[in-house]
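Counting from 3, one number per residue, gives the positions in the sequence shown under the working numbering.
Possibly wrong hints are sitting among the right ones.
[As the list claims (entries may be wrong)] If you anchor each label on the Cβ, the simulated ranges turn out as follows: (1) I328 to L113: 23 to 29 Å; (2) A141 to S177: 49 to 55 Å; (3) R244 to E37: 38 to 44 Å.
Read the hints as simulated data drawn from the structure, not as lab findings. Note that the structure is a prediction, hence the values are computed from the model and not measured. A virtual CB, placed ideally from N, CA and C, is assigned to each residue, including glycine.
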Amino acid sequence: TQELSTLLKAGVPLDRSLAITAQLSERPAFRRMVEEVLRTLKGGKSLADSLRPHPEYFSELYVNMVRAGEASGSLAAVFERLAGFETSRDELRGYIISSMIYPALLSVVGLASILVLLNFVAPRFAAVFEQSNMAIPPATRMMLGASEWLRRYALPMAGCAAAAGAGFYLYIRTSGGRLWWDTLRLRMPLLGSALRKAETARFARAMGTLVANGVALVQSIAIAGATLSNRRIAGSLDAVARGVKRGEGIAGPLGKTGQFPPLAAHLLTVGEETGRLDEMFGRMAEIYEAETRVAIRRFTALFEPLIILVMGVMVGALILSMLIAITSINEVAV
Numbered sequence: 003t004q005e006l007s008t009l010l011k012a013g014v015p016l017d018r019s020l021a022i023t024a025q026l027s028e029r030p031a032f033r034r035m036v037e038e039v040l041r042t043l044k045g046g047k048s049l050a051d052s053l054r055p056h057p058e059y060f061s062e063l064y065v066n067m068v069r070a071g072e073a074s075g076s077l078a079a080v081f082e083r084l085a086g087f088e089t090s091r092d093e094l095r096g097y098i099i100s101s102m103i104y105p106a107l108l109s110v111v112g113l114a115s116i117l118v119l120l121n122f123v124a125p126r127f128a129a130v131f132e133q134s135n136m137a138i139p140p141a142t143r144m145m146l147g148a149s150e151w152l153r154r155y156a157l158p159m160a161g162c163a164a165a166a167g168a169g170f171y172l173y174i175r176t177s178g179g180r181l182w183w184d185t186l187r188l189r190m191p192l193l194g195s196a197l198r199k200a201e202t203a204r205f206a207r208a209m210g211t212l213v214a215n216g217v218a219l220v221q222s223i224a225i226a227g228a229t230l231s232n233r234r235i236a237g238s239l240d241a242v243a244r245g246v247k248r249g250e251g252i253a254g255p256l257g258k259t260g261q262f263p264p265l266a267a268h269l270l271t272v273g274e275e276t277g278r279l280d281e282m283f284g285r286m287a288e289i290y291e292a293e294t295r296v297a298i299r300r301f302t303a304l305f306e307p308l309i310i311l312v313m314g315v316m317v318g319a320l321i322l323s324m325l326i327a328i329t330s331i332n333e334v335a336v
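Generate the whole structure from the sequences, applying the supplied hints.
What follows is the structure, encoded as structure tokens:
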């Protein structure tokens, strides 16, 4: 998208721009796709119609933006806006993913440590106490009981967990299950607020890109709604579109859904009053992208110490149980 924007702004014809883009691509599959788009374009179809058969690369928003650019003769500007849109979206997604890597790594390492201690270290202590007929300290007895239970029921429990996970995955793949799960996620403390702001930022960024390019408001709402991952928020946009069709504007119906932060409706009211709705959508996207980062930082700032505390207490309790066992063995030996 960035390459096409640069080439078209430099006055290079569209077909040659696509050919250059195909040559510059380092991924064979992507190069073949661009070459197929070029062949379809040379066959007499529009660029938007040439892109539509490849939804794995080009979303509905992308195709409609290109269609609007072709109609208005401003393809270079459209590709520039699309490049900015894709960059902003990827930056936000990348920030969210990178913020969750460390807590996930802490959880995996902590659980792995506990499993190693219970499966390989604790049984050695059990063998020592069985051979010596010593009285087992209460803390050590609890550790050995947990180790025995884990070694006996680990496989059945893993099977049940896998079956439950597969059932949950299949359930949330249904329309009703996905709606329930998306609603539940929005109600989670801290995380729900971050998800709502992230979806608001994504919606605003898409709307700003579409409206600035002259796409009709009702059509823009439908396209932008399709980019959202949360079905609860996306479903509320149907009422917004109906309100726009009735002439109520977008700010009022958006505020009535209760799915967007209150500030969003106020910003759009100002945008409608000043006739700069596209700029206000862009400003709204910037605000909620920044707030999403703040919300994610706040969530990880609380979540990371909590994981460290829980894992530290569990691993510390196991090690303490082992130290008590070692001490009791030494006392008997003395």
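Results of checking the hints against the structure:
With their beta carbons about 24 Å apart, I328 and L113 fall inside the hinted range of 23 to 29 Å. Taking 49 to 55 Å as the suggested C-beta distance range, the pair A141 and S177 conforms, at roughly 51 Å. A beta carbon spacing of about 43 Å between R244 and E37 agrees with the range 38 to 44 Å that was offered as a hint.
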